[in-house]
Every structure is written in structure tokens, then in C-alpha cells.
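Protein chains: 2
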Amino acid sequence: MLTVNERSYRPPRQPTVVVCIDGSEPDYFAQAVAAGRMPWLKRTLAEGTGLVADCVVPSFTNPNNLSIVTGAPPSVHGICGNYLYDTASNAEVMMNDPKWLRAPTLLAALAEAGHKVAVVTAKDKLRRLLGHGMKGICFSSEKANEATVAENGISEVLKLVGMPVPDVYSAELSEFVFAAGVQLMRTHRPHVMYLSTTDYIQHKHAPGTPGANDFYAMMDRYLGQLDDMGCVVALTADHGMNAKVGMDGQPDVIYLQDWFDARIGAGKARVILPITDPYVVHHGALGSFATVYLPPVSAVAQLVEELARLRGMEAVLTREEAARRFELPADRIGDLVCVSERFTVIGTSHSRHDLSGLDAPLRSHGGISEQRVPLVVNRKLTGIDPNRRWRNFDTFDLVLNHVE
Amino acid sequence: MLTVNERSYRPPRQPTVVVCIDGSEPDYFAQAVAAGRMPWLKRTLAEGTGLVADCVVPSFTNPNNLSIVTGAPPSVHGICGNYLYDTASNAEVMMNDPKWLRAPTLLAALAEAGHKVAVVTAKDKLRRLLGHGMKGICFSSEKANEATVAENGISEVLKLVGMPVPDVYSAELSEFVFAAGVQLMRTHRPHVMYLSTTDYIQHKHAPGTPGANDFYAMMDRYLGQLDDMGCVVALTADHGMNAKVGMDGQPDVIYLQDWFDARIGAGKARVILPITDPYVVHHGALGSFATVYLPPVSAVAQLVEELARLRGMEAVLTREEAARRFELPADRIGDLVCVSERFTVIGTSHSRHDLSGLDAPLRSHGGISEQRVPLVVNRKLTGIDPNRRWRNFDTFDLVLNHVE
Numbered sequence: 002m003l004t005v006n007e008r009s010y011r012p013p014r015q016p017t018v019v020v021c022i023d024g025s026e027p028d029y030f031a032q033a034v035a036a037g038r039m040p041w042l043k044r045t046l047a048e049g050t051g052l053v054a055d056c057v058v059p060s061f062t063n064p065n066n067l068s069i070v071t072g073a074p075p076s077v078h079g080i081c082g083n084y085l086y087d088t089a090s091n092a093e094v095m096m097n098d099p100k101w102l103r104a105p106t107l108l109a110a111l112a113e114a115g116h117k118v119a120v121v122t123a124k125d126k127l128r129r130l131l132g133h134g135m136k137g138i139c140f141s142s143e144k145a146n147e148a149t150v151a152e153n154g155i156s157e158v159l160k161l162v163g164m165p166v167p168d169v170y171s172a173e174l175s176e177f178v179f180a181a182g183v184q185l186m187r188t189h190r191p192h193v194m195y196l197s198t199t200d201y202i203q204h205k206h207a208p209g210t211p212g213a214n215d216f217y218a219m220m221d222r223y224l225g226q227l228d229d230m231g232c233v234v235a236l237t238a239d240h241g242m243n244a245k246v247g248m249d250g251q252p253d254v255i256y257l258q259d260w261f262d263a264r265i266g267a268g269k270a271r272v273i274l275p276i277t278d279p280y281v282v283h284h285g286a287l288g289s290f291a292t293v294y295l296p297p298v299s300a301v302a303q304l305v306e307e308l309a310r311l312r313g314m315e316a317v318l319t320r321e322e323a324a325r326r327f328e329l330p331a332d333r334i335g336d337l338v339c340v341s342e343r344f345t346v347i348g349t350s351h352s353r354h355d356l357s358g359l360d361a362p363l364r365s366h367g368g369i370s371e372q373r374v375p376l377v378v379n380r381k382l383t384g385i386d387p388n389r390r391w392r393n394f395d396t397f398d399l400v401l402n403h404v405e
Numbered sequence: 002m003l004t005v006n007e008r009s010y011r012p013p014r015q016p017t018v019v020v021c022i023d024g025s026e027p028d029y030f031a032q033a034v035a036a037g038r039m040p041w042l043k044r045t046l047a048e049g050t051g052l053v054a055d056c057v058v059p060s061f062t063n064p065n066n067l068s069i070v071t072g073a074p075p076s077v078h079g080i081c082g083n084y085l086y087d088t089a090s091n092a093e094v095m096m097n098d099p100k101w102l103r104a105p106t107l108l109a110a111l112a113e114a115g116h117k118v119a120v121v122t123a124k125d126k127l128r129r130l131l132g133h134g135m136k137g138i139c140f141s142s143e144k145a146n147e148a149t150v151a152e153n154g155i156s157e158v159l160k161l162v163g164m165p166v167p168d169v170y171s172a173e174l175s176e177f178v179f180a181a182g183v184q185l186m187r188t189h190r191p192h193v194m195y196l197s198t199t200d201y202i203q204h205k206h207a208p209g210t211p212g213a214n215d216f217y218a219m220m221d222r223y224l225g226q227l228d229d230m231g232c233v234v235a236l237t238a239d240h241g242m243n244a245k246v247g248m249d250g251q252p253d254v255i256y257l258q259d260w261f262d263a264r265i266g267a268g269k270a271r272v273i274l275p276i277t278d279p280y281v282v283h284h285g286a287l288g289s290f291a292t293v294y295l296p297p298v299s300a301v302a303q304l305v306e307e308l309a310r311l312r313g314m315e316a317v318l319t320r321e322e323a324a325r326r327f328e329l330p331a332d333r334i335g336d337l338v339c340v341s342e343r344f345t346v347i348g349t350s351h352s353r354h355d356l357s358g359l360d361a362p363l364r365s366h367g368g369i370s371e372q373r374v375p376l377v378v379n380r381k382l383t384g385i386d387p388n389r390r391w392r393n394f395d396t397f398d399l400v401l402n403h404v405e
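Top to bottom, those sequences are chains C and U.
Counted the way the numbering used here counts, the first sequence spans residues 2 to 405.
Counted the way the numbering used here counts, the second sequence spans residues 2 to 405.
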């Protein structure tokens, strides 16, 4: 048995693939299956195991991918957003550097124990975190052409996959992940493989629409190929996705920095949007979760009360409350955490959000309303209670410890 | 001033039309406007007033239509479902008979005060409740061909509207309501008109899909015609609508009668689904709200706790808690009220639901997750707080008291 972050895992006895489908609200599966576009998944749900799990809040990419590969919440691994305010350096920075990671990954531990491990991500931003301390193959679609044996454990990826490097804003960026996964399984036969896509399609296309169904049909074909090769295949997601618009079709935004500037003075509070990353054209950096650093003020309870009454606000928590409820590292989340409702997002200042790139009604995530995600395994599982609260970071436990 | 159910209303000074769009989740507007299919609504939201209101829970048709026309919650008007268990007669019955109504409608009071009132509903089941005690025009699309001056205040409706009687399961059943409304406004010029559609389309088509956008584009054309005639036009809804399926595309159902039969003995508890009505082909009588009559048992708190832990259950309340929280008549709602989550519905026994008529993935309502509805008026309103909690049954107050 291998113990990582106080959880024990049996070594893999058959090739095991865990797929994190970025932004995969369970309804994407439901509508695509109902439309006859995912025959493999339909059979898998009938013959294997289909659970709905809760992801980590904030329902963003980095915290959840790291939770899945560490088997632990952000209070353990430290990654609580894509972006944070670093109080030590007084700077706002991307949370892509492994220096923020406070726990080892199961992937690194498996490799260390002698198992062949491969990781493919869509965007390169995740690659360094997921591959931290890991011996094996680890590369991104985005920079597949730059992969070297020294840095990525593999070279000539484009030749292996037979696809050009896709555009960072495309369905093909995720398709490349699957195509690479299938080719890696054919040629390298890793014992454990982790595939992680991007939610470009889900940010634009609602469940059941042609754009979404085409994407899920594409995935279904590749997943079927992995299944045919005898792999244990598990599907989960980093977060769900919802429409975030008012009745006029425009983003329904609480501009929180503007609110604080008007309420306690310009620039006194610092609003951080942990959804922020270098690729924001498709969501304008608007999500349903924000943290706030406050100046020393006496009336925090009063501020919390006023914020909680804002139309579209779901929850306003103090640092301690948020750290406890969402299992977050208290030292990295600011004095307040604000979560907006299903149809509402939080921005900083109106003037700081460029929404000109939005060519479809905004869809986004980050809140409690995007916490439900699929947890599907192509095997019957033994010794589990389907009614307990499952988390997406239980996935490796299920595939390693509960598959016969 | 006219006072009805402790609310005061100014008399109408211009033709005033209130439309209840059955099952109109606000996202239907958002996606249709964004797709350019509702030009009138887009302009109206920019130049008039667009609020999002809370409907009554249970988010069903009868309770909400009656709330809108009485300006009061079900605790006042008594209509708490489409269907109930009548303890007096020990029978389960439709709640379409005016004998269940405990409060007068504003429509009847306006007519009594000498104003010309007209009501058009899609289904006939609502007509008797909405028209109770009212002098004026009141008919349904469903039985438009049977309208007589004696019973409906009008005859020869098909000739007036220029459409045949539509099928009860069709978009045309609602289109007929609008077409009739426009012709009535042209020919009879009522002072107040109430139009109420059916949610056949919303039960089958998600926001933004072609089927939904076509339906909303149709409405937009008729609403523009009413606007052009100088009418004050207000839009609201009886409830929202959500997909209610598991990842396999099949209805995600808690069979509550089966649960009680297994837990406390067959037939000991009586589970009532207030969504039930004679037209259930499109939803199989599956909604997100149920009431339960219990035998004299001591362990109610234990049952509540076990039910609340069921996967997909959002809230389980005792009679008193439910009556207080949802403003319901305590004598008509059973010992327990169960509300399921956004993607889950509640059924009685597996064997009692015929789902063979479902030709699309189930969409339904009844819960707290379908409580948000539009409240749109084609005028700027004066003296209102856009941030307070608005209810759909504030609509007549807004159009009569807050339009200049």
C-alpha cells in the first residue's frame, strides 16, 4: 500500500486512466446520452458506476485538479485558486508555480514507487503543478511541440499524436489530450494516466446544444478506445458550469471592487478573483467566487451583512468560516469570501473587465452552484455507499481501492 | 382606491395587460434576447423595468396563478397545489374547483368596480379559478370553441382569433392566448387583461434551444403589438423550469411512496404530488415537491432526518415549518413537505408513473430551484426598490400603483 496525504492506495493492477473533464456539469452527460451521442457512456453508466460528486469550492480549475491528484482539499495542498494575492510580496500572482504546493501528489508517489505514470493537460499552466516531483511523461497540448525528454519525459509528441498543435481557444486543445492519451496507452502502456481538458466549449455551449453534444461525442469515441484497451477509466470534473446572464442576455455582474470603493473608500479593500488566468477571453475573468482583503476596519460584521443582502449574492463568509466550510488554507483567502448565485458572477471594477471577447452569452463557474460533478467509473465498484457525499478527489481512491 | 386582500390598488388609467408565462425560467428570456429573437423584450428591458422575482413554492401553476390575481400567498387564497388530499372526504382531488378558493381575486373586484376585465388561459382547468366571481370575458384556448356569452362573457372566439382550437399539447395552445389577447384589445379594449399560457414548450426545450427561441420569438411579436396599442404590459411567470435527469438522461426520481412503504409499512403514509393534473404526458407527474400524510407515529423527527439525507433531497419540513417558510395553508399540506434539488424530482411509487410519453429528457419544476421568475414591465416604475425581494404576486401592485 502507498500512503499519500494520509490516504492509502493499492498499487495499480491494470492500466488506470483518470480523466478530469474541465467544466463538465453532469447535465452535459445527461443531454448527450439522451441524444444518443455518447453510446460508450450510456453503456458504462448501466454496467459500471455513475456517481455525482461535489468538487472543491472555489469551483475553479487549479484547486480541483490538485485536489484530484493529491486526494485532499486545498487546506492540505494549498492551491486555492488560479490566482491569489501574495501578502508576503504584496503582489497578485498566478498560482501556477509549484512553490505554492504544500502536499505531494499521488502521481509523484506512484512514479517514485516504480509505476509508469503519464499526464496530459490541455493548457500548460497546469502541467507544472500536476507534474511536480513526478518522474514520467507530463506535457500539455498547448506546448506539445516543445516537449523534450528532459523536461517532459517524452519528445516528438506531434508525430505520436498525428495532430498539429491546436489553438488555445479551441475544442481541439482538449481533443489533443484524448488523442495523446490513446496513443500513449498504445505505445507506452502507462500504469496510471491522468488526462485533464479545458472548458473552452462548456464556457460557450449549454448542455444538449450541438456544440456541446459534438464535443462529448468526440470524447466518447476516445474513451471507448481506452476501454477497449482494457483500461480502468474514471471520469470526473474540476467544476460544473452555468449561464451567468441577466434577462437581457448580458453578464449579471456584482462589481465588488466598485462596491467597496463606494462603501469604504477607493482602493481601501482589495478584491481578488481567483478565476483569473492568462486566458480569459471566453469568460472575461468573471466567476462566482471572490476573496477580499480588508483594511483594519471595525465594522466587518456590518459589511458582511450588507454584502449578503446584495441581489445575486449567495454567501458571504469570514476567513475562518470559509476555511472551515470549504476546507481552504486560511492564510491565502483574504478576510472575506463572497460566493454569488447560479446566474450571477462577481467582478472587480466595471472598467477592469474586457467583455469584448464574449461572442456568446456568458457561462461560468466558481460558486456552490457549480459544485456537482460526475464521478463515473467503467467498472462496478465494491464496498462503497452510493448515498454518501462523494468528492471529485475520491476518484483515485475509487479506481485503485474499489475496482476488483 | 380598491382594496383586495389587504392591498390597495389604483384603478387602471390605461389598458393594462399582465401575462403569466407558464414555466418561464428567466434564462429563456436571456438566451432568446441574446440570440436576437426578442427585439421587443430587449428594448423593453433597456427602457422599462426588468426585475427577477420569487414565485410561490410549490412552484406549480395553480398556486402561482392564484397568487398573481389575488396579490397574496397561498396561506391567504388557499390554493396550494394543482392537486390535494382532501382529509374531509378522504379523497385525492384536483384543486380546480373554486370551492377551494379562500380569497377574492383582484380581477373580480376590478370588474365589480366597473372596469372591463378579460382573462384568457391556455388550459381550461385554470379558467374557473381565475374567473371566479368575475363579470367579464373569461375563456380558455382549450375550449375556445365552447365559449358562450352566458358562461364566458363572449362567443364566437374562433372567428375573433382566426385560429382553430389548438391541440392541448402544443405551442399553439399558448399562441392562441396571445392572438386572442391582441384581438380582444383591438375589438373590446378591456381595461385590465390577464393572459396565462401553458408550459408545454418549456417542459421539452431548454433555454436557448431552437424550440424555446421560436416560442419566445412568437410571444415577442404579440407583446410588441399590445405595446403598440398603448398597453401597459407586465410579464411574469408561475414558476421556472430545470432539467431533472441523471447522467444517463433518465429522470432522476426519489420514489417517496416506495421509500415510506419500505420504511414504515405499505400504505401507512400517503404521498401527494401536487403537480398532478389531467395533462401529465410531458412530465409524468414528476416534480420537485411532495407532501406526506403520516400515520400517528412517534418518530417524525427521525423520519425527517433520514429523508433529508436522501441523495437529491433539498429540504424536508414539518407542516408548521413549511406553512411558515412558504406561506402555505397548514390545513392542506400534510404532515411533511419534501422539496428535491435542481436535478431531482419526487415520485410516489415506481409502478404508478407512466413515463412512456416522455419523448425528451425530463424538465420539470415544483422546488425552490424553480423559484426565480421574470417580472418585467414596459414602463419605468417609480418609487420601487429594485433590490428588495419581489414576488410574482406583486405584479398588479407594480402596474397599477407604480406606473406613471
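Derived from the structure by calculation, the hints contain no laboratory data.
The C-beta atom is built at its ideal place from N, Cα and C for all residues, glycine as well.
Among these hints, one or two may not hold up.
[Unchecked claim] With the Cβ distance kept under 8 Å, some of the chain C side facing chain U (calculated, not the full set):
| no. | residue |
| --- | --- |
| 1 | Gly51 |
| 2 | Lys126 |
| 3 | Thr210 |
| 4 | Gly250 |
| 5 | Ala316 |
| 6 | Pro375 |
| 7 | Asn388 |
We went through each hint and held it up to the structure:
Interface hint status for Gly51 of chain C: upheld, as the beta-carbon distance to the closest one in chain U is roughly 5 Å, under 8 Å. The criterion of a C-beta within 8 Å of any C-beta in chain U is not met by Lys126 of chain C, whose closest approach is roughly 29 Å, and the hint is violated. Taking 8 Å as the C-beta cut-off, the interface hint given for Thr210 of chain C holds, the closest approach to chain U being about 7 Å. Here the hint on Gly250 of chain C is kept, as its CB sits about 3 Å from the closest CB of chain U, short of 8 Å.
With 8 Å as the threshold, the beta carbon of Ala316 of chain C stays out of range of chain U, its nearest partner Cβ sitting at about 16 Å, so the hint is violated. For Pro375 of chain C, the shortest C-beta to C-beta distance to chain U is roughly 6 Å, which falls under 8 Å, so the interface hint holds. Hint on Asn388 of chain C holds. Least Cβ distance to chain U is approximately 5 Å, under the 8 Å limit.
When each numbered hint is compared with the structure, violations occur for hints 2 and 5.
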